[in-house]
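Protein chains: 2
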Amino acid sequence: MNSFATLPKPPYCAVIFSSQRTPSDDRYGDMAERMVELAQDQEGYLGIESARDANGFGITVSYWRDEACIAQWKANAEHKVAQENGHSRWYERFEIRIAKVERAYGKPQSV
Amino acid sequence: MNSFATLPKPPYCAVIFSSQRTPSDDRYGDMAERMVELAQDQEGYLGIESARDANGFGITVSYWRDEACIAQWKANAEHKVAQENGHSRWYERFEIRIAKVERAYGKPQSV
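In order, the protein sequence lines correspond to chains A and B.
With the first sequence counted from 1, adding 1251 to any position gets you this note's numbering.
With the second sequence counted from 1, adding 1251 to any position gets you this note's numbering.
Check the hints yourself; a few may be wrong.
Same chains, same names: a pair is fine if it fits in one copy or spans any two.
Unchecked claim - In silico BS3-like pairs for lysine-lysine, Cα to Cα no more than 25 Å straight-line: (1) Lys1325 <-> Lys1260; (2) Lys1325 <-> Lys1351; (3) Lys1351 <-> Lys1260.
Source of the hints: derived by calculation from the structure; they are not laboratory data.
Only a predicted model underlies this, so the values are computations on that prediction, with no experimental measurement involved.
Model the full structure from these sequences, guided by the hints.
Here's what the structure looks like:
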């Protein structure tokens, strides 16, 4: 199990997506899985990390080469359908913050 | 229950902290709670959002007025002790990305 994205050195861009799920499931899992799959095929995709707690609050951060790639991903036709369903059915509330990552460091996995 | 941070308009800074917890608990919850409390008292603190899944993978994003405030928070004496314990005991792995939020939008809570 590895939930961490493997990213190049900064700078790169990040989309911080915080969301509160609605109680209804309504094929949410299928969509979420498909969107990760689809994102990976997009120009400039670097990686994704995601965590959702038992109360349905989640944070997903996707990483991209630049802002143009983020705009292209946002405009993707299949992604647009998911966005609409997200707005109307899957999320009670969400907040999206577009950011530029300037530095990064961490504690690597011990082997 | 509101897990969302109330933030001003961008620009502001974000610390994206992704982590995998060790299996041992060892007063982790007390520390995490205390760090949120302590962060709130720091110069330039804007808000925090956090989610951890059932596998122990979590993302915490704290928001700050500028990079100087982030540096000050990192150097806080009590926070430094927590950082050391985080490194040695609480986290198998973590990644920290320092970013500048340039735009933000969302779906507000319906009332």
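Here is what the structure says about each hint:
no. : hint                : result
1   : Lys1325 <-> Lys1260 : both (24 Å within a copy, 21 Å between copies)
2   : Lys1325 <-> Lys1351 : both (17 Å within a copy, 20 Å between copies)
3   : Lys1351 <-> Lys1260 : both (12 Å within a copy, 16 Å between copies)
Consistency note: the structure conflicts with none of the earlier hints.
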